[in-house]
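Trainee: Quick mapping for you: the protein sequence lines, in order, are chains A and B.
According to the working numbering, the residues represented by the first sequence are 1114 to 1407, in order.
According to the working numbering, the residues represented by the second sequence are 1114 to 1407, in order.
If you're looking for bench data, these hints aren't it; they were derived computationally from the structure.
One or more hints might be untrue.
Put simply, identical chains are the same to the list, so a pair is met inside one copy or across any two.
[Claimed, not checked] No farther apart than 20 Å at their CA atoms in a straight line, the calculated lysine to aspartate or glutamate pairs in the EDC-like style are these:
#1 1143 <-> 1395
#2 1143 <-> 1197
#3 1143 <-> 1253
#4 1143 <-> 1296
#5 1407 <-> 1162
#6 1407 <-> 1330
#7 1407 <-> 1351
#8 1143 <-> 1330
#9 1407 <-> 1327
#10 1143 <-> 1262
#11 1143 <-> 1376
#12 1143 <-> 1351
#13 1143 <-> 1341
#14 1143 <-> 1171
#15 1407 <-> 1176
#16 1407 <-> 1124
#17 1407 <-> 1175
#18 1407 <-> 1197
#19 1407 <-> 1395
#20 1143 <-> 1162
Number of protein chains: 2
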Amino acid sequence: MTVKVAAVALDTLAVVGVGLIGGSFAAALKATGAVRHVIGAGRSRANLDRALALGVIDAVAEDPAAAAAAADLVFVAVPVQQTESVLRQIARHLRPDAIVTDGGSTKQDVIAAAERALGARAAQFVPAHPIAGAEQSGVEAASALLYRDRLVVLTPTAATRPEAAARVHALWAVCGARVLDMDAARHDAVFAAVSHLPHVLAFALVHEIATRPDASELFSFAGSGFRDFTRIAGSSPEMWRDIALANRQALLAELDAYRAQLDRLAHCIAQGDGAQLASMFETARSARARWLAK
Amino acid sequence: MTVKVAAVALDTLAVVGVGLIGGSFAAALKATGAVRHVIGAGRSRANLDRALALGVIDAVAEDPAAAAAAADLVFVAVPVQQTESVLRQIARHLRPDAIVTDGGSTKQDVIAAAERALGARAAQFVPAHPIAGAEQSGVEAASALLYRDRLVVLTPTAATRPEAAARVHALWAVCGARVLDMDAARHDAVFAAVSHLPHVLAFALVHEIATRPDASELFSFAGSGFRDFTRIAGSSPEMWRDIALANRQALLAELDAYRAQLDRLAHCIAQGDGAQLASMFETARSARARWLAK
């Protein structure tokens, strides 16, 4: 373990956006001794002070540019729509050998943003997506253990420096994550189906109930099934607005497929087709059970 | 407590359908000493033998009629579409002072079935719905603690004997449940919104993913959000087919409202209307947070 840590050790890490994702990355690297110094930057001074008090970061930078200027690795962990603006702010300040990576849930748009904002330095950018959804947000929720046994997907492009991708890979491994590479377009299609769509569906259900005149009576009868189904509707509205728009093409395709699925179910119910309904429910139940067993 | 138990004590309880719901009711009443003897009846002899071995029941009856003939109270805990058939089997065997109650998730259809099957004896029937959804089923999952702090809704009709309703109310209270009365039509509308619809939505999502050529890759990237969102798709297909059909009018109305909600969301995403999206997500998130805080 000591050898491994030494091989990936960083002197200075800059985290732009010290929330759940950015804060947990810093906390994990600090806990394993893989980083010497962490500088935080972000929109809220109060949040950065809190991160400092919690020991998640060691110093607060005036702005992302100042943080990046001092860093061997910059982790941009902001809602995806802000990625381009952050990258533009740091572009001229990056050291030639520094690495930039991100934690965004969508990848094609982030890669396009990096190419626009960083130009030739986009070679120093390693697009990444740690799969560590939690409905909590903010540095208070950050944990050195968040990424243990979680998946981190890297979507390097033809332009990405292989050494930069290897370094980011190794750092995530130090955090305890399983790391794999994937094509960015495939990444976005897969996560539209298994993550972005369910989030939108959960928000839609709670919104539907919450905006009715009898909302409070309805909520009073909602039980544990409703609670778990809607857990992801407790997620950050800003983050999910950005994801929905950043990955809109794939998400709209998923919404179409899902609405067609609901049309078929409604048809079965209206027709009283119990055999077909039971068959669909059973296919779902057993597929889910097989998935959980893995 | 001793006084309370004595006041509601039963000599013989018959449970038709000794699964999670029926088995937990028997187990809770036995654990509190509120019942002397429990007779089980059901479709599967192996399941009844298991219930006997677990001590959830004391004896196995040949059929529902034999169980009912010996009982002070009959608890019918079968998928709702089977309720009428069970009630027909026991109708002529019920003691004049016996009470019949059920655990079905829909109430108008069960009341209509009881009126058809029991005739004048429908006065002895107390329609009830214990809200204790769990994706597990079968007597193995039964627990004397299942109903502690859970809600049980009674939907007595004008024909229901008040003493029978009071007795069923008291027995559920002994199980640790909060008990309240509600109009059957309102019950069905409320649970269509907060329970039946989410179940159908979860089954639909897993079915959509499971039936794709790339299902196994998609599942390999599904995380904890997907797991919780789809937990209720682990529920019994037979039970949920019955509920969907029994409550089809209210459920179809909910499906229509939900599809309209999805149409609005898809429109916002297609138009890039981030402000409206964020507003819908925030309304949902904050309503859910207020609900959880209660």
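Trainee: State for each hint whether it applies.
Mentor: Do the hints match the structure? See the list:
Taking the shortest alpha-carbon separations for residue 1143 and residue 1395, neither the intra-copy value of 47 Å nor the inter-copy value of 34 Å comes in at or below 20 Å. Taking the closest pair of Cα atoms, residue 1143 and residue 1197 never come within 20 Å of each other, the shortest separation being 27 Å inside a single copy and 64 Å across copies. Taking the closest pair of Cα atoms, residue 1143 and residue 1253 come within 20 Å of each other only inside a single copy of the chain (16 Å); across copies the shortest separation is 46 Å, beyond that limit. Taking identical chains as interchangeable, the C-alpha atoms of residue 1143 and residue 1296 are never at most 20 Å apart, the minima being 30 Å within one chain and 59 Å between chains.
In the homo-oligomer, the alpha carbons of residue 1407 and residue 1162 never lie at most 20 Å apart, since the shortest distance is 42 Å inside one protomer and 31 Å across protomers. Within a single copy, residue 1407 and residue 1330 get their C-alpha atoms only as close as 39 Å, which misses the 20 Å cut-off; across copies the closest is 13 Å, which meets it. Taking CA atoms no more than 20 Å apart as the test, residue 1407 paired with residue 1351 passes in neither setting, with 33 Å inside one copy and 25 Å between copies. In this assembly of identical chains, the alpha carbons of residue 1143 and residue 1330 never lie at most 20 Å apart, being 48 Å within a copy and 33 Å across copies at closest.
Proximity of residue 1407 and residue 1327 under a CA criterion of 20 Å is satisfied inter-copy only: 17 Å between copies versus 42 Å inside one chain copy. When the C-alpha separation of residue 1143 and residue 1262 is checked against a cutoff of 20 Å, the pair qualifies only within one copy, where the shortest distance is 18 Å, while the shortest distance between copies is 43 Å. In this homomeric assembly, residue 1143 and residue 1376 never come within 20 Å of each other (Cα to Cα): the closest approach is 51 Å inside a single copy and 46 Å across copies. Taking CA atoms no more than 20 Å apart as the test, residue 1143 paired with residue 1351 passes in neither setting, with 28 Å inside one copy and 51 Å between copies.
In the homo-oligomer, the alpha carbons of residue 1143 and residue 1341 never lie at most 20 Å apart, since the shortest distance is 33 Å inside one protomer and 31 Å across protomers. Taking CA atoms no more than 20 Å apart as the test, residue 1143 paired with residue 1171 passes inside one copy only; the shortest distance there is 10 Å, against 60 Å between copies. For a Cα distance limit of 20 Å, the shortest separation of residue 1407 from residue 1176 qualifies neither inside one copy, at 44 Å, nor across copies, at 40 Å. In this homomeric assembly, residue 1407 and residue 1124 never come within 20 Å of each other (Cα to Cα): the closest approach is 39 Å inside a single copy and 47 Å across copies.
With identical chains, the CA atoms of residue 1407 and residue 1175 are never at most 20 Å apart, being 46 Å at best within one copy and 41 Å at best between copies. For the identical chains of this complex, residue 1407 and residue 1197 are neighbours neither inside a copy (38 Å) nor across copies (40 Å), given an alpha-carbon limit of 20 Å. Only within a single protomer do residue 1407 and residue 1395 lie at most 20 Å apart by alpha-carbon distance; the minimum there is 19 Å, versus 35 Å between protomers. Only within a single protomer do residue 1143 and residue 1162 lie at most 20 Å apart by alpha-carbon distance; the minimum there is 18 Å, versus 57 Å between protomers.
Hint compliance for this structure: hints 1, 2, 4, 5, 7, 8, 11, 12, 13, 15, 16, 17, 18 are not met, and every other hint is.
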